[in-house]
Amino acid sequence: MRIPPKYIIAALLLAFGALAPFIINAYQLSLLGRFLALSILAMGIMLTWGEAGILSLGQGVFFGLGGYALAMHLKLEGLNLANGDMPDFMVWSGVSTLPAFWYPFASPVFALACVVIVPGAFAAAFSWLVFRRRVGGVYFALITQALALAFSTLLISQQALTGGFNGLTNFSTLFGYDITTQRAAQVIYWITFLFVVLVYVFLRWLLTSRYGVMLRATRDGENRVRFLGHNPVPYKVVAFGLAGALAGIGGALFTLHAGVVSPALVGVVPSIEMVVWVAVGGRNILWGAIAGTLLVNFAKDQISSAFPSLWLYGLGALFILAVSFLPAGIAGMFHPSSREESVMRRILSRRKLRTAE
Amino acid sequence: MHESAFLLGQIFNGFSVASLFILAALGLALSFGLMRVINMAHGEMLMLGGYLAYLTLQVIPGPLGIIVAMPVAFVGAGIIGAILEFAVIHRLSARPLDTLLATWGVSLILQQAARNLFGAIGVEVTAPAWLNHTITISSGPLAGLDLPDTRIFILIIAGVVLGLIAALLNKTRLGLYVRAVNQDRPTAAAMGVNARLIDLSVFALGTGVAGLAGVILALLGPVTPTVGQSYIVPAFLVVILGGLGSLVGTTIASLIVGLFTALIEIFVDVSVAQVLLLVFVIVFIQFRPQGVITVHTRALEG
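Going down the list, the sequences are from chains E and V.
Everything in the first sequence is counted per the working numbering, starting at 1 for the first residue and increasing by one.
Everything in the second sequence is counted per the working numbering, starting at 1 for the first residue and increasing by one.
Okay, chain E solo, but in the shape it has when bound (with noise of 0.2 Å):
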């Protein structure tokens, strides 16, 4: 019996990924582990984007509401806040009591709980009253950019609440270990990678249901759909909703890695960049938006350190090619499907041409 190739290749990976830490430097390995959260969001930008035709320029909002939930929680952890200890950034500020909203995040249970919760279903209620009104396409990326905006400036402001632009950092613990030791941090690896492989598997198995079916018959013609009597918009919200929620994951995930979170990571610029990932790698096949969030990020790592400002001629050239010449991304170029798919949307968007002159 002969295996087929891709098997072997994903066995290998899996391999790679879950002994990263014996192969790979530490640094190396932190830069990973990074990345691989920040592709936890990317699935998500795949699953609305490739899937569901919604164009979000404000996934760092919701990567950020997780980021400064788990966040929040590491800084009132080891505090005795009935003694009226204060993080330090509030001290700082001049503030003389917590901020009611900060308390419950001192339970750790509530913090893991609020990283999943919070941005889903700020993301959901969100995207539902955008859809609802059969507003979406580009007004729909519009609202987001504002939103990106907004936050961010939201939180820049607040400094004596949100730790302003500095943001939240110098963590120690987390459930009482020491999150800032190397063994730590492989375990937090492992955590991310094993993170990485069950949203994976759970997007394969979403992506073929019947949900998943549903949500590409809506991506390519909404009003048909309504004719043949469903209801698009349940579908979409659904979609933004659990985009949102992975994008909470791999926000918490990062400031483990990172040990910081900052409105430098959730504003407009770096929303938009998360797209620009999942357009590299192929937006419509799962691992793609992987491969391109890991390819982007290492690539702008290399780049950015080196020659700062040819980093940004190199991000604005990416996206212009990315969109005009590579529209299945990098993973659309080892599909084997692509052919039919790329006659089917250029069928699809011809359609589209007519209606939309």
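Don't read these hints as lab results, they were simulated from the structure.
A few of these clues could be false.
To be verified - Rough simulated footprint, nothing fancy, chain E against chain V, three-plus residues with beta-carbon under 8 Å:
no., stretch
1, 57 to 66
2, 145 to 156
3, 204 to 218
4, 231 to 237
5, 283 to 290
Positions of the beta carbon are idealized from the N, C-alpha and C atoms, including for glycine.
Model the placement of chain V on the given structure of chain E, informed by the hints.
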């Protein structure tokens, strides 16, 4: 200062901010009506206009520099816009979301180019002496109301540009073609209208107007590589509120956004005002999802 004078001052500020939004959003709205695409590099046309004003004033200092700078910025930004339309946007027609991303790439490149050419800190354009006065009302119920000349100048420019564009759209043959393509592209094309050329010229016109707005922006503050970014997000919201490619809709929406921001900033700080503006937009589309001005059409999609 009287309460009423303060309120009136804020309203006046709102109008002058709104007129900047009109100039910035006009091109976006017109092109969106024609081609259903949004140019994310539109904010960089403002920036370009600002830098062109700076360069013009280097060559022609003195009171008339700013008068010369306006046509220079208009033509310069228009040419860049035409190149952008021809090279990027036209290639991606009928893929609005991809156009969004590609033009964002263009915007990043233009910002970085400006950073390399002029530095990250920004350049100052000083208003000429004839724009340096402030009309202060010293007596009566409105005592203490300040009306800076530059702000009045902005209102006048926006009014003139709006009038010219309205005349162009409603009185000329080109305007007739634009409206025809806007309504029904295939039929217009079948009647011999060169729809492609209409797209290109409207796009170039829109970016030119944005360049003009950039000159005004330069009078208000330093021109930095990211100066366009702070005005372009409200301009996008104006397009959403305004409705498809409608001049009247864009004007009303600009006034709504400008006045809303100016009045809300009396009570809350700028960052909270931004959040409330977004909340306002989302509430607004619950009632009028197609914007202030709805174009009645039998087409379902688009």
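Hints versus structure:
For a cut-off of 8 Å, the count of residues in the stretch 57 to 66 of chain V with a CB near a CB of chain E stands at 0, and the three-residue condition is violated. Evaluation of the coverage hint for the stretch 145 to 156 of chain V: breached, as 0 residues show C-beta separations to chain E shorter than 8 Å, against a requirement of three. Here the stretch 204 to 218 of chain V counts 0 residues with a CB under 8 Å from a CB of chain E, which misses the bar of 3, and the coverage is violated. Using a Cβ-Cβ cut-off of 8 Å, 3 residues of the stretch 231 to 237 of chain V lie near chain E, which meets the minimum of three, so the contact claim holds.
Under a criterion of three residues with beta carbons nearer than 8 Å to beta carbons of chain E, the stated coverage of the stretch 283 to 290 of chain V is upheld, 3 such residues being counted.
Violated hints for the displayed structure, listed by number in ascending order: 1, 2 and 3.
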